[in-house]
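Protein chains in written order, with this note's numbering: chain B, 1 to 80; chain D, 81 to 160; chain E, 161 to 309; chain P, 310 to 458.
Simulated from the structure, these hints should not be mistaken for laboratory data. What you are looking at is a predicted structure, and each value in this text was computed from that prediction instead of being measured. Just so you know, not all the hints are guaranteed correct.
[Stated by the list, open to error] Derived DSSO-like pairs: lysine-lysine, alpha-carbon spacing no greater than 30 Å straight-line:
{"#": "1", "chain 1": "D", "residue 1": "Lys84", "chain 2": "P", "residue 2": "Lys432"}
{"#": "2", "chain 1": "D", "residue 1": "Lys129", "chain 2": "D", "residue 2": "Lys84"}
{"#": "3", "chain 1": "B", "residue 1": "Lys4", "chain 2": "B", "residue 2": "Lys55"}
{"#": "4", "chain 1": "B", "residue 1": "Lys49", "chain 2": "B", "residue 2": "Lys4"}
{"#": "5", "chain 1": "E", "residue 1": "Lys286", "chain 2": "B", "residue 2": "Lys49"}
{"#": "6", "chain 1": "P", "residue 1": "Lys432", "chain 2": "D", "residue 2": "Lys129"}
{"#": "7", "chain 1": "E", "residue 1": "Lys286", "chain 2": "B", "residue 2": "Lys4"}
{"#": "8", "chain 1": "D", "residue 1": "Lys129", "chain 2": "P", "residue 2": "Lys435"}
{"#": "9", "chain 1": "D", "residue 1": "Lys84", "chain 2": "P", "residue 2": "Lys435"}
{"#": "10", "chain 1": "E", "residue 1": "Lys283", "chain 2": "B", "residue 2": "Lys49"}
{"#": "11", "chain 1": "E", "residue 1": "Lys283", "chain 2": "B", "residue 2": "Lys55"}
{"#": "12", "chain 1": "D", "residue 1": "Lys84", "chain 2": "D", "residue 2": "Lys135"}
{"#": "13", "chain 1": "B", "residue 1": "Lys4", "chain 2": "E", "residue 2": "Lys283"}
{"#": "14", "chain 1": "P", "residue 1": "Lys432", "chain 2": "D", "residue 2": "Lys135"}
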Amino acid sequence: MSLKLVFLGRLADAAGAAEREVTTVPSIAALIAGLEPELSTALAGPRVKIAVNGKIVGDRAVFTLRDGDEVAFLPPVSGG
Amino acid sequence: MSLKLVFLGRLADAAGAAEREVTTVPSIAALIAGLEPELSTALAGPRVKIAVNGKIVGDRAVFTLRDGDEVAFLPPVSGG
Amino acid sequence: MTADVRLLAGPFDAAAEIDRFVAANSDAGGVASFIGRVRPGGGVEALELSHYEPLTLAGMQALADEVENRWQVTGLAMVHRTGVMLPGEAIVLVAATAHHRREAIESVDFAMDHLKGDSWFWKREKRAGEWHWIEPRERDFSDLARWQQ
Amino acid sequence: MTADVRLLAGPFDAAAEIDRFVAANSDAGGVASFIGRVRPGGGVEALELSHYEPLTLAGMQALADEVENRWQVTGLAMVHRTGVMLPGEAIVLVAATAHHRREAIESVDFAMDHLKGDSWFWKREKRAGEWHWIEPRERDFSDLARWQQ
Numbered sequence: 001m002s003l004k005l006v007f008l009g010r011l012a013d014a015a016g017a018a019e020r021e022v023t024t025v026p027s028i029a030a031l032i033a034g035l036e037p038e039l040s041t042a043l044a045g046p047r048v049k050i051a052v053n054g055k056i057v058g059d060r061a062v063f064t065l066r067d068g069d070e071v072a073f074l075p076p077v078s079g080g
Numbered sequence: 081m082s083l084k085l086v087f088l089g090r091l092a093d094a095a096g097a098a099e100r101e102v103t104t105v106p107s108i109a110a111l112i113a114g115l116e117p118e119l120s121t122a123l124a125g126p127r128v129k130i131a132v133n134g135k136i137v138g139d140r141a142v143f144t145l146r147d148g149d150e151v152a153f154l155p156p157v158s159g160g
Numbered sequence: 161m162t163a164d165v166r167l168l169a170g171p172f173d174a175a176a177e178i179d180r181f182v183a184a185n186s187d188a189g190g191v192a193s194f195i196g197r198v199r200p201g202g203g204v205e206a207l208e209l210s211h212y213e214p215l216t217l218a219g220m221q222a223l224a225d226e227v228e229n230r231w232q233v234t235g236l237a238m239v240h241r242t243g244v245m246l247p248g249e250a251i252v253l254v255a256a257t258a259h260h261r262r263e264a265i266e267s268v269d270f271a272m273d274h275l276k277g278d279s280w281f282w283k284r285e286k287r288a289g290e291w292h293w294i295e296p297r298e299r300d301f302s303d304l305a306r307w308q309q
Numbered sequence: 310m311t312a313d314v315r316l317l318a319g320p321f322d323a324a325a326e327i328d329r330f331v332a333a334n335s336d337a338g339g340v341a342s343f344i345g346r347v348r349p350g351g352g353v354e355a356l357e358l359s360h361y362e363p364l365t366l367a368g369m370q371a372l373a374d375e376v377e378n379r380w381q382v383t384g385l386a387m388v389h390r391t392g393v394m395l396p397g398e399a400i401v402l403v404a405a406t407a408h409h410r411r412e413a414i415e416s417v418d419f420a421m422d423h424l425k426g427d428s429w430f431w432k433r434e435k436r437a438g439e440w441h442w443i444e445p446r447e448r449d450f451s452d453l454a455r456w457q458q
């Protein structure tokens, strides 16, 4: 009945940990909205990509989450 | 009273040796003309460069040779 | 040809990797390579690379496939560190053999540009005891843009 | 910076040279390199490179100077074999460090093109017990022409 969240790069600082378990919700919007406001803001930006079970999500508005999914939040990668 | 000739690449085959001593002559034209006909032909081509004492000769027609000079005959270098 | 693509959590000897690559590709006429290291000096005490295994390694494999599609490479190695590295330690090694020298060199150039500017790594540097995240650089985008003509 | 330019009459270990170059340039962030070897197979039993010391080594030094003028290299090594080499033996090693990765890679590319297409080496191959002189190749001229734009 839970989702595993993975926070990469500076998002791990914002979340206070690299991983977290949360109760399953059906949509990515609901997932983000359910987190503390600062973290929620950090994750909602258009430059943060999201991967579910290791695959980048194309249109997060229509993606349905399922129990046990691993949801990774990926900020822009670092340069050279 | 002599010049040292150095033959590089396939010109060493044409000369039968990589080096040779000859009596000093004043010009490069005279030097080449004094060698056996086949070698002379091989050396006279425009693609053969000439170095005297390690420096490439620009205009061979006006160059004056001196006793003890080392005259190197350089065919086109090989590729990759 | 199978590319040798690895993520390593601990230090590696880049010159020894080149030696091994040369031996493993004994039929090749030439080997181009690039070793990237943590630059000593400049006040960086340590560098940390985070990765997300399902994407990072898969991305490197996809990059290796793209190199193989673009050039006639006969051998390809991409070895990348993760975790905390100290100044002087190797971060990345790319080595390639190809049918022509320039293809091998271009393959390495291409792979390095994409590993640096288009891979799933997050980097932070420790300076004066404090960690600082590294943002994307404009230069990385312009390096990448060269290959999109 | 002093370039390490050498003509060697006997076999050398190219990976060990890279190791030494990396150690000698401990302040550099990256090292690009190319190792050229006598390609095994194809029926070549041996390769011989003749040189004319007063021109060959001076030409390599001049090439190193040109690399230093064109790119901000911080370290440069050019090691070239002469004499008779067997399949698998290293012929040439070029290694460079520069302020930016692409400069290091381009320096190596440039130096290799000029060592191969514009240096005082005469090359012959032994096939089926017979030596054959190698003529210039069209590809070498086109490789060189890239740098004259």
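Tested hints:
For the suggested pair Lys84(D) and Lys432(P), the alpha carbons sit about 23 Å apart, so the restraint of at most 30 Å is met. Of the pairs offered as hints, the one joining Lys129(D) and Lys84(D) holds, with about 16 Å between alpha carbons and a cut-off of 30 Å not exceeded. For the hint pairing Lys4(B) with Lys55(B), the CA-to-CA distance comes to about 14 Å; that is within 30 Å, so the pair holds. With a C-alpha separation of about 16 Å, the suggested pair Lys49(B) and Lys4(B) falls inside the 30 Å cut-off, and the hint holds.
Between Lys286(E) and Lys49(B), the direct Cα distance comes to roughly 26 Å. Compliance with the 30 Å bound is thereby established for this hinted pair. Restraint check: the Cα-Cα separation between Lys432(P) and Lys129(D) comes to about 17 Å, which is no more than 30 Å; the hinted pair holds. Between the alpha carbons of Lys286(E) and Lys4(B) the distance comes to roughly 29 Å, so the proposed pair stays at or under 30 Å and holds. For the hint pairing Lys129(D) with Lys435(P), the CA-to-CA distance comes to about 26 Å; that is within 30 Å, so the pair holds.
Restraint check for Lys84(D) and Lys435(P): satisfied, since their Cα atoms lie roughly 29 Å apart, inside the 30 Å limit. A C-alpha spacing of about 17 Å is found between Lys283(E) and Lys49(B), which places the hinted pair at or below 30 Å, so the restraint holds. A C-alpha spacing of about 21 Å is found between Lys283(E) and Lys55(B), which places the hinted pair at or below 30 Å, so the restraint holds. The suggested pairing of Lys84(D) with Lys135(D) holds, with an alpha-carbon distance near 14 Å, which does not exceed 30 Å.
At roughly 23 Å between alpha-carbon atoms, Lys4(B) and Lys283(E) fall within 30 Å of each other, so this suggested pair holds. Restraint check for Lys432(P) and Lys135(D): the C-alpha separation of about 21 Å stays at or below 30 Å, so the hint holds.
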